[in-house]
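*Asks:* The hints should help you fit chain P onto chain A, whose structure is shown.
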Amino acid sequence: MEGPANIMTAVDSPEKILFVSTTQAFLQKEVPLSRVRELHAAGVSFDQTWWQRAAELGWTALLVPEELGGGSVSGDGVADLAMVAEQLGKTVAPGPLYPVSTVLAGLVDCAERHSHAAAIESLISGETVASWAVYEPGQGWAPHEPSVTFTETDSGYRIDGVKDRVEAGAESGLLLVVARGGEGVRQFLVPTNASGVQIEPQHSVDLVKQYARVHFDGVDVEHSAAVGSAAETTELIDRQSQVAQVLQCAEVIGILQTVFDFTIAWALDRHTFGRPLASYQALKHRFADMKMWLEACRATTAAAVAAVSARSSDAGLSASIAKSYVGEMSPEIVQGCVQMHGGIGVTWEHDLHVYLRRVALYRSMFGTPEEHNLRVYQSQEAGNPAPRSA
Amino acid sequence: MTEAELASTDVGSIDEFRARARAWLADNMPPIDPAHPPAAHRDEERCWQRARELQKRLYEGGFAGICFPREYGGLGLDYEYQRVFDEESFSYEMPLILNTPTFTICCATLLDTGSEEQKRQHIAAALRGDEVLVQLLSEPSGGSDLAGVITRAQRDGEHWVINGAKTWSTSAFAADYGLCLARTNWDVPKHDGLTMFLVPIKHPGITLRRITQLNGSTEFCEEFLDDVDVGADAVVGEVNDGWTVASRQLYHERRAVGGSSEFASGSGSEGGRTTPVNYVRLAEKIGQADNERVQQIAGRALVHRAVSDQLGDHIYRSVRDGTLPPAAGTLLRLFHAETVTLEMDAGLAITGTAGVVGAEGEGLETGLRYLSRQTVCIGGGTSELARNVIGERVLNFPREYAADRGVPFSQVRHGN
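Quick mapping for you: the protein sequence lines, in order, are chains A and P.
If you count by this note's numbering, then the first sequence holds residues 641 to 1030, one letter each, in order.
If you count by this note's numbering, then the second sequence holds residues 15 to 430, one letter each, in order.
Excised from the complex, chain A in its bound form:
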């Protein structure tokens, strides 16, 4: 069943329509759910050569300006990327789309972006995978408060400390590491094969998303590894956070629409006591709530995508609102769909859990609803315009 229009509702150009259909066809053919299950059985997160072919479709170029070898389809790279993320959600696809996109968002935004041209090129081609090393053991979502340190050396910087919950850490060639030093907080592009880097895999609830704890034990990098000056870093981290958050929300929209659609089909087909499930008022009311939450998730995600894309002054607030709301309601919707299925819904065989795993993972990553609720409150406390009345 085809869901409602994609997140971007503007009239789409033929180029965009082609891009969407190519992306859709590629995902359906290459990584259907059966493939996701195979990868899981093999203990593999994603296939590197597959990722390179995905990159050839243009996914990794969308946030990158043309002068650095990138290019968007519609002129709005964030919206294009959100559309790709929504498509990924339909099959809970594997791959490092938002780790790579998050790192690219930082690289292309810093003043010295041309000094990172080689890294950018290799990320666009899919040859290299990168991830943002931002979380630290025992800490919640506090990207501006690292305890990993950097110290200046003759040839560059030395990084010490531990990061964790680094997506695709074991598959990445580069990590963008947030660290604290004399000048404040800065970020560094650290090759994972550098001496002193030790990667320890972490399990996740997802079938294929894999994470890593990364130890940096006196890791030396050159001056050119720094991404952005100390003065730029706050804004870069905010931008990267927003990109990660809206891409997660967009992917969740793809998941929710897919799960909701097949659960509706189930409720209309499945008969009990001689009537379809969908004819019972108690269940109809639950479906009505889920439909409402789903449309609200779409609405807030579209608003956040637009705000982040336009780099509007409330982009951070908008991303927090979306991440909180989608994080709170999406597991409710998917668990509600499990309930509508009854016993089959909690089996390994049924695909519901594959979707449930991803929304549970995304509920918490890059800020839980509770963490974002605090941010939204503090934004109002700081005198920013309140969200308009209900």
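Please keep in mind that the hints were generated in silico from the structure rather than gathered at the bench.
We put the beta carbon where it would ideally sit given N, CA and C, even for glycine.
Some hints here could point you the wrong way.
To be verified - Listed next, the stretches of chain A that the computed footprint assigns to chain P, with coverage defined by at least 3 CB atoms under 8 Å from CB atoms of chain P:
no.: 1; segment: 923-933
no.: 2; segment: 940-947
no.: 3; segment: 1009-1018
Stated by the list, open to error - Per label pair, the in silico range of CB-to-CB distance:
no.: 4; chain 1: A; residue 1: Ala751; chain 2: P; residue 2: Gly301; range: 39 to 47 Å
no.: 5; chain 1: A; residue 1: Gln838; chain 2: P; residue 2: Arg97; range: 54 to 62 Å
no.: 6; chain 1: A; residue 1: Gly914; chain 2: P; residue 2: Asn305; range: 52 to 60 Å
no.: 7; chain 1: A; residue 1: Ala751; chain 2: P; residue 2: Thr396; range: 51 to 59 Å
no.: 8; chain 1: A; residue 1: Thr789; chain 2: P; residue 2: Gly301; range: 33 to 41 Å
no.: 9; chain 1: A; residue 1: Ser762; chain 2: P; residue 2: Gly301; range: 50 to 58 Å
*Replies:* Below, chain P alone, put in the same frame as chain A:
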């Protein structure tokens, strides 16, 4: 040409419109602090007089009825222009209490279903600030089952004579006309024997009584209609096709309650009991500004409040481009009720004992407001009814069993 006509012939680009609105508002409308809007109590006559005066100013300035057609006194412009005017007028006192039901429901429905003469007379009068319109729908014998009304209208030569009782009519005491749903044929199934009448509220046959709500508000009224005679020109739509008209009212009502009606002008708060809770100030007032638990509860309420607005835009666009059916307006109605519920609960949780013991202004107002929490889940059709509508008309699930379907109304059991 009136000034209004001049304005609409020369409306220019959206930016020119914005500039003109900004200048006109500064010269003509009373400025307010939108964070502390003056309270427009819907149960006070003087507030209705004030609203009529402000509406007259808007009309004379050429900014009334931005999305109503020009032939009925409006400007005939796109919603975009109304939104711009809403943004510009946010810091000015606006006749907000005229929006619902007068403009967003009654005039919008007349526009869809009224006769040419009704549109020319009543929409224009409302836009001039000369008429307030209300709905006379619910009856004491039944709430959500609107099509089961038992108010009777009988033809008497050229006239109709109406007898019965209506209740929960918003601001009827301040109104000039009411859209009154009555049964004109008892020998057909319930939806097929209804007719909508435009009834003058000041008719000597109407006895009006205010209902006192648990929070002390007397905004709602009940009316007893005894031999209220109206002419054939009072019929809105066709005789025995009143359900079509009522359905348009319900449709417009859901959109209005959800905040996505292009016929509403001004987007601020009516003040008083409807002012959105300022959680930061509330937390400070009760000495809990640094309490992270309080901040999280408030933050969640703010998130849901913001999403409620975002959903309004999304539904408006989705209905317009056909990705959602018109009944999707009910999603907004339900979301609004759920959000207000969440906000009332948040307020009670944050204030703790200060919400239930103490003085108004020191937290007690939050507890008092909480007591009326369910009104938003009941008014305009209950939340349960909204869920039925979403299930059956948005998701196209099988309809509920109804004992009165296809049965002549005279044979249907109703009331208690």
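*Asks:* Does each hint fit the structure? Answer for all of them.
*Replies:* Hints versus structure:
1. Restraint check on the segment 923-933 of chain A versus chain P: 7 residues with Cβ-Cβ distances below 8 Å, three needed, restraint holds.
2. Remark: the segment 940-947 of chain A is confirmed as covered by chain P, as 3 of its residues place a Cβ nearer than 8 Å to a Cβ of that chain, reaching the required three.
3. Given as covered by chain P, the segment 1009-1018 of chain A passes the check, having 9 residues with a CB less than 8 Å from a CB of that chain where 3 are the minimum.
4. For Ala751 (chain A) paired with Gly301 (chain P), a C-beta distance near 46 Å keeps the hint of 39 to 47 Å intact.
5. For the hinted restraint 54 to 62 Å between Gln838 (chain A) and Arg97 (chain P), the CB-CB distance of approximately 56 Å keeps it satisfied.
6. With their beta carbons about 54 Å apart, Gly914 (chain A) and Asn305 (chain P) fall inside the hinted range of 52 to 60 Å.
7. Judged by the Cβ atoms, the range 51 to 59 Å given for Ala751 (chain A) and Thr396 (chain P) holds: they are separated by roughly 58 Å.
8. At roughly 39 Å, the beta carbons of Thr789 (chain A) and Gly301 (chain P) sit within the given window of 33 to 41 Å.
9. Our hint of 50 to 58 Å for Ser762 (chain A) and Gly301 (chain P) holds, since their Cβ atoms are close to 56 Å apart.
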